[in-house]
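*Asks:* Sequence:
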Amino acid sequence: VRIAGEVGRHTLRYAGLATGRLLLGFRKWYFNMCGFNKLGLLRDDTIYEDADVKEALKRLPEDQYNERIFRVKRALDLSMKQQILPKDKWTKFEEDVHYLTPYLEEVIRERKEREEWMKK
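So the number in this note's numbering is just where the residue sits in the sequence shown, counting from 1, plus 45.
One or more hints might be untrue.
Distance condition first, Cα-Cα at most 20 angstroms in a straight line; then the derived EDC-like pairs of lysine to aspartate or glutamate [to be verified]:
| hint | residue 1 | residue 2 |
| --- | --- | --- |
| 1 | Lys83 | Glu139 |
| 2 | Lys134 | Glu112 |
| 3 | Lys83 | Glu107 |
| 4 | Lys132 | Asp122 |
| 5 | Lys137 | Asp90 |
| 6 | Lys137 | Glu112 |
| 7 | Lys83 | Glu140 |
| 8 | Lys134 | Asp122 |
| 9 | Lys157 | Asp95 |
| 10 | Lys99 | Glu151 |
| 11 | Lys103 | Glu150 |
| 12 | Lys118 | Asp141 |
| 13 | Lys157 | Glu107 |
| 14 | Lys99 | Asp89 |
| 15 | Lys118 | Asp90 |
| 16 | Lys99 | Glu160 |
| 17 | Lys157 | Glu112 |
| 18 | Lys99 | Glu158 |
| 19 | Lys118 | Glu155 |
| 20 | Lys157 | Glu100 |
| 21 | Lys118 | Glu94 |
| 22 | Lys73 | Glu140 |
| 23 | Lys137 | Glu151 |
| 24 | Lys73 | Glu139 |
| 25 | Lys103 | Glu155 |
| 26 | Lys73 | Asp97 |
| 27 | Lys134 | Glu150 |
| 28 | Lys73 | Asp141 |
| 29 | Lys165 | Glu155 |
| 30 | Lys137 | Asp89 |
Hints are computed from structural coordinates only; laboratory data are not their basis.
Produce the entire structure from the sequences given, and follow the hints as far as they go.
*Replies:* This is the structure we're talking about:
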């Protein structure tokens with residue numbers, strides 16, 4: 046019985062690893078299929094700019110904000126010309142930094158906290 050338990054535990058561990066690898070493979074495939082990487086954009090560059098995102102953008106350090114503006118303008122220019130970057134300039138999955146997400150999560154948390162406070 047103990048051996049079966051050990052085997053079961055290892056089987057679950059390997060199943061978890063296989064699932065993780067499969068999920069990572071799917072995420073990489075989806076990242077490349079979206080196409081924004083071919084324009085040099087990061088995932089966070091493509092988030093729709095609602096009020097929360099606009100507030101998060103105000104909180105970005107100036108250099109990150111300027112880099113974002115450069116990437117977006119370059120992507121718009123390429124899109125207007127119906128071109129993409131040379132493959133060596135594409136954003137790679139491993140280089141895709143979620144630079145805006147922490148700021149956005151903070152803004153959303155603060156907004157929800159404010160809404161809860163106003164209910165009282």
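*Asks:* Please go over all the hints and tell whether each is borne out by the structure.
*Replies:* Structure-based check of each hint:
no.: 1; hint: Lys83 with Glu139; verdict: 14 angstroms, holds
no.: 2; hint: Lys134 with Glu112; verdict: 15 angstroms, holds
no.: 3; hint: Lys83 with Glu107; verdict: 25 angstroms, violated
no.: 4; hint: Lys132 with Asp122; verdict: 17 angstroms, holds
no.: 5; hint: Lys137 with Asp90; verdict: 14 angstroms, holds
no.: 6; hint: Lys137 with Glu112; verdict: 17 angstroms, holds
no.: 7; hint: Lys83 with Glu140; verdict: 13 angstroms, holds
no.: 8; hint: Lys134 with Asp122; verdict: 15 angstroms, holds
no.: 9; hint: Lys157 with Asp95; verdict: 15 angstroms, holds
no.: 10; hint: Lys99 with Glu151; verdict: 13 angstroms, holds
no.: 11; hint: Lys103 with Glu150; verdict: 14 angstroms, holds
no.: 12; hint: Lys118 with Asp141; verdict: 18 angstroms, holds
no.: 13; hint: Lys157 with Glu107; verdict: 26 angstroms, violated
no.: 14; hint: Lys99 with Asp89; verdict: 12 angstroms, holds
no.: 15; hint: Lys118 with Asp90; verdict: 11 angstroms, holds
no.: 16; hint: Lys99 with Glu160; verdict: 18 angstroms, holds
no.: 17; hint: Lys157 with Glu112; verdict: 29 angstroms, violated
no.: 18; hint: Lys99 with Glu158; verdict: 18 angstroms, holds
no.: 19; hint: Lys118 with Glu155; verdict: 30 angstroms, violated
no.: 20; hint: Lys157 with Glu100; verdict: 14 angstroms, holds
no.: 21; hint: Lys118 with Glu94; verdict: 15 angstroms, holds
no.: 22; hint: Lys73 with Glu140; verdict: 12 angstroms, holds
no.: 23; hint: Lys137 with Glu151; verdict: 27 angstroms, violated
no.: 24; hint: Lys73 with Glu139; verdict: 9 angstroms, holds
no.: 25; hint: Lys103 with Glu155; verdict: 15 angstroms, holds
no.: 26; hint: Lys73 with Asp97; verdict: 27 angstroms, violated
no.: 27; hint: Lys134 with Glu150; verdict: 29 angstroms, violated
no.: 28; hint: Lys73 with Asp141; verdict: 11 angstroms, holds
no.: 29; hint: Lys165 with Glu155; verdict: 16 angstroms, holds
no.: 30; hint: Lys137 with Asp89; verdict: 14 angstroms, holds
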